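Just so you know, the sequences run in chain order A and B. Sequential numbering from 1 applies to the first sequence in this note's numbering. Sequential numbering from 171 applies to the second sequence in this note's numbering.
Hints listed in this document are in silico derivations from the structure and should not be mistaken for laboratory results. Predicted model, so just to flag it, every value in this text is computed and none were measured. Any given hint might turn out to be false.
[Stated by the list, open to error] List of simulated lysine-lysine pairs, DSSO-like, C-alpha gap at most 27 Å: (1) A/K111 / B/K320; (2) B/K244 / A/K5; (3) B/K344 / A/K111; (4) B/K172 / B/K244; (5) A/K65 / A/K111; (6) B/K244 / B/K532.
[Unchecked claim] Have a look at the derived ranges for each label pair, beta carbon to beta carbon: (7) B/E408 / A/R142: 35 to 43 Å; (8) A/R142 / B/N321: 19 to 27 Å; (9) A/P137 / B/P514: 47 to 55 Å; (10) A/K51 / B/R223: 16 to 24 Å.
For glycine and all other residues, C-beta sits at the position ideal for the given N, C-alpha and C.
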Amino acid sequence: MTLIKDGFFDADELKILPGVPSEERLKKGPVVVIECAQQIPCNPCEEACLKGAIEIGESIVNLPKLNADMCSGCGLCVAACPGQAIFVVDMAYSQTEATVQLPYEFLPCPKEGEVVAGLNRAGEKVCDAKVLKVLAPKKFDRTAVIKIAVPKNLGMIVRNIQLKNSDKED
Amino acid sequence: MKEAELVIVGAGPAGLSAAIEAAKAGVKVMICDENQRAGGQLFKQIHKFFGSRAHQAGTRGIDIGQNLLNEVEKIGVDVKLDAVVWGIFSDRRVGIVHEGKNTLVKAKKILLATGAAENVLAFPGWTLAGVMGAGAIQTMVNVHRVLPGKNVLMIGSGNVGLIVSYQLMQAGAKVAAIVEAMPRIGGYAVHASKVRRAGVPILTSTTIKEAKGKEKVEKAVIIKLDDKFKQVAGSEKEFDVDVICLAVGLSPLAELAWMAGCKFTDVPELGGLLAIHNEDMETTVPGIYVAGDIAGIEEASTAIEEGRLAGIAIAESLGYINAAAAKEQKQQIYKRSDQLRDGPFGIGRRKAKEVLISRSLKQ
Chain A
1 MTLIKDGFFD ADELKILPGV PSEERLKKGP VVVIECAQQI PCNPCEEACL
51 KGAIEIGESI VNLPKLNADM CSGCGLCVAA CPGQAIFVVD MAYSQTEATV
101 QLPYEFLPCP KEGEVVAGLN RAGEKVCDAK VLKVLAPKKF DRTAVIKIAV
151 PKNLGMIVRN IQLKNSDKED
Chain B
171 MKEAELVIVG AGPAGLSAAI EAAKAGVKVM ICDENQRAGG QLFKQIHKFF
221 GSRAHQAGTR GIDIGQNLLN EVEKIGVDVK LDAVVWGIFS DRRVGIVHEG
271 KNTLVKAKKI LLATGAAENV LAFPGWTLAG VMGAGAIQTM VNVHRVLPGK
321 NVLMIGSGNV GLIVSYQLMQ AGAKVAAIVE AMPRIGGYAV HASKVRRAGV
371 PILTSTTIKE AKGKEKVEKA VIIKLDDKFK QVAGSEKEFD VDVICLAVGL
421 SPLAELAWMA GCKFTDVPEL GGLLAIHNED METTVPGIYV AGDIAGIEEA
471 STAIEEGRLA GIAIAESLGY INAAAAKEQK QQIYKRSDQL RDGPFGIGRR
521 KAKEVLISRS LKQ
């Protein structure tokens with residue numbers, strides 16, 4: 001139970017979540033990964049999905065259940081999640097790379113084409129990541145969604161970024 | 171003596187929501203707040219709220235606050251800022267110092283929506299400059315945009331500690347660590363994960379031992395706790411920080427309810443001694459109501475629902491809403507409140523509220 005002790009998931013904790021797609025589905029292309037593990041009263045993701053791929057139901061403390069076959073990985077739910085617990089992962093992006101879309105609420109916002117550090121769930125730098133896209137329409141209400149390319153084996157590992165010049169001590 | 175139908179003390183989420191519901195029904199409302207601006211703590215809450223659409227989920231606290239202010243203005247509620255309510259006397263007379271002038275107002279109904287005060291933690295060095303409450307830090311950072319320091323040690327991993335850590339980082343500070351005396355993180359895992367993946371360690375079974383510095387905080391010493399919460403000698407660790415932030419819980423601000431003669435009861439799950447209230451939020455003193463954190467430490471979303479409930483109940487008791495219509499509106503609020511008081515983080519609060527209300531029946 002590293003989640004309640006350390007604040008991040010171990011691989012086994014993650015796998016059992018109803019919002020996390022199967023490995024087979026991940027291989028097929030863009031899909032959301034909902035890293036929501038506690039029954040807190042919250043359901044904006046269900047409403048954000050235009051395809052009805054996220055189900056919470058009458059009781060808003062239910063964990064979000066992903067119908068992964070209905071999900072196109074459009075990412076509308078990413079900025080809608082107040083807990084910033086939703087990511088879009090595309091494991092089929094290229095032969096060598098996967099993409100990750102993640103919510104980002106820090107300034108400065110990275111620019112497209114910029115190379116940033118990819119951080120894992122514990123905040124450790126695990127790779128360089130190239131920023132492919134920065135989405136911040138008004139609808140996202142000041143939560144930017146950053147799409148990055150990372151080495152393929154890190155698609156389910158990288159969950160944050162750090163700008164290269166933001167931390168002079170490193 | 172001046173007279174008023176309803177005097178609300180505190181223009182936070184609970185007070186404003188009550189003012190809106192009561193005024194919509196026709197009640198003439200005066201709402202007093204000692205601050206220069208209404209909104210309570212909402213204008214410090216720059217993050218998106220949880221809940222469902224009915225609770226304005228996904229909307230940032232600052233925007234929920236602005237919506238409430240807009241509505242209050244539209245309906246035409248008498249909002250008195252810089253208005254300190256310093257006493258409540260027999261026959262519901264309210265002592266108010268407004269803009270330096272003292273007045274006594276006789277109210278038909280009073281709603282106390284005074285909120286909460288932060289708990290503190292005493293340790294060697296805690297009086298040094300730089301040891302601050304999370305609320306003060308939020309005010310500096312999110313309202314006045316002043317960074318209290320560059321390197322922060324956060325004490326407490328409840329939602330306040332986690333959220334304020336995140337907001338300090340957004341403002342450009344570094345959070346060295348979050349320490350938590352309990353063996354597990356107190357707040358929501360999603361909040362913990364956000365700060366964790368930004369590189370902030372969360373150290374459970376750990377507490378602050380000492381703050382060091384000449385005139386202000388220069389170092390913080392933390393220490394591990396064993397399963398009996400005893401400090402483990404030799405496990406100290408030192409951090410170079412200039413701010414130590416205390417986020418160790420809240421207690422209801424209930425002095426006015428004590429003064430008014432309300433009966434109290436201890437409900438630890440809701441923050442300690444609380445004025446007993448019934449399903450209408452009315453205390454044991456007829457005509458005096460409570461809503462929000464004074465009625466149990468919860469969240470802004472639940473405070474809004476309790477405020478609405480009190481506003482409707484007051485309008486009903488003054489004859490502005492008939493019993494059937496009031497009942498229907500109250501049922502909807504009970505339903506929305508139950509939705510928030512659910513799941514492992516909420517069900518304890520729902521049960522505690524039921525205990526609190528059941529004690530009102532015994533009075």
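Quiz item: Which numbered conditions among the earlier hints are violated in the structure presented, ordered from lowest to highest?
Solution: Failing hints, ascending: 2, 5, 6 and 9.
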